[in-house]
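*Asks:* Work the whole structure out from these sequences, hints included.
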Amino acid sequence: MTLGLIFIGVGLVWLLFRKWIARMQYGVSLEMLGRKVDHSNSELHHEADEERVRGFGRLGVFFCSVLIASGLLMVVLTLIFRPPWAGA
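Using the working numbering, count along the sequence shown one by one with no gaps and you end on 131.
There could be a bad hint or two in this list.
Derived CB-CB ranges, DEER-like [stated by the list, open to error]: (1) GLY70 with THR45: 30 to 40 Å; (2) PHE60 with ALA129: 18 to 28 Å; (3) VAL109 with MET44: 15 to 25 Å.
Since the hints were derived computationally from the structure, they do not count as laboratory data. The structure presented is a predicted model; accordingly, all values stated were derived computationally and were not measured. Beta carbons: idealized from backbone N, C-alpha and C, even for Gly.
*Replies:* This is how it looks when you write it as structure tokens:
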């Protein structure tokens, strides 16, 4: 049950900071591909860059939903098959 609650917590934190995380993921992917990254200006200049960051954000929302749903499933199944009030 604890792992399910951790999954839910990580999913919620990721959901709160998904735009910042998406920007960081895009910057890291550009560096890994050897493309030039302008660190002095954090604003994105091109429409294509903004669309790619939105794509990373959508992927993040998908992973958040998977984490939260699997965490809820773990908690519910634990409560059904091993309820804490039933004793050891």
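*Asks:* Each hint: holds or not?
*Replies:* How the hints compare with the structure:
{"no.": "1", "hint": "GLY70 with THR45: 30 to 40 Å", "result": "holds, 34 Å"}
{"no.": "2", "hint": "PHE60 with ALA129: 18 to 28 Å", "result": "violated, 38 Å"}
{"no.": "3", "hint": "VAL109 with MET44: 15 to 25 Å", "result": "holds, 19 Å"}
Hint 2 from the list above is the single one not met by this structure.
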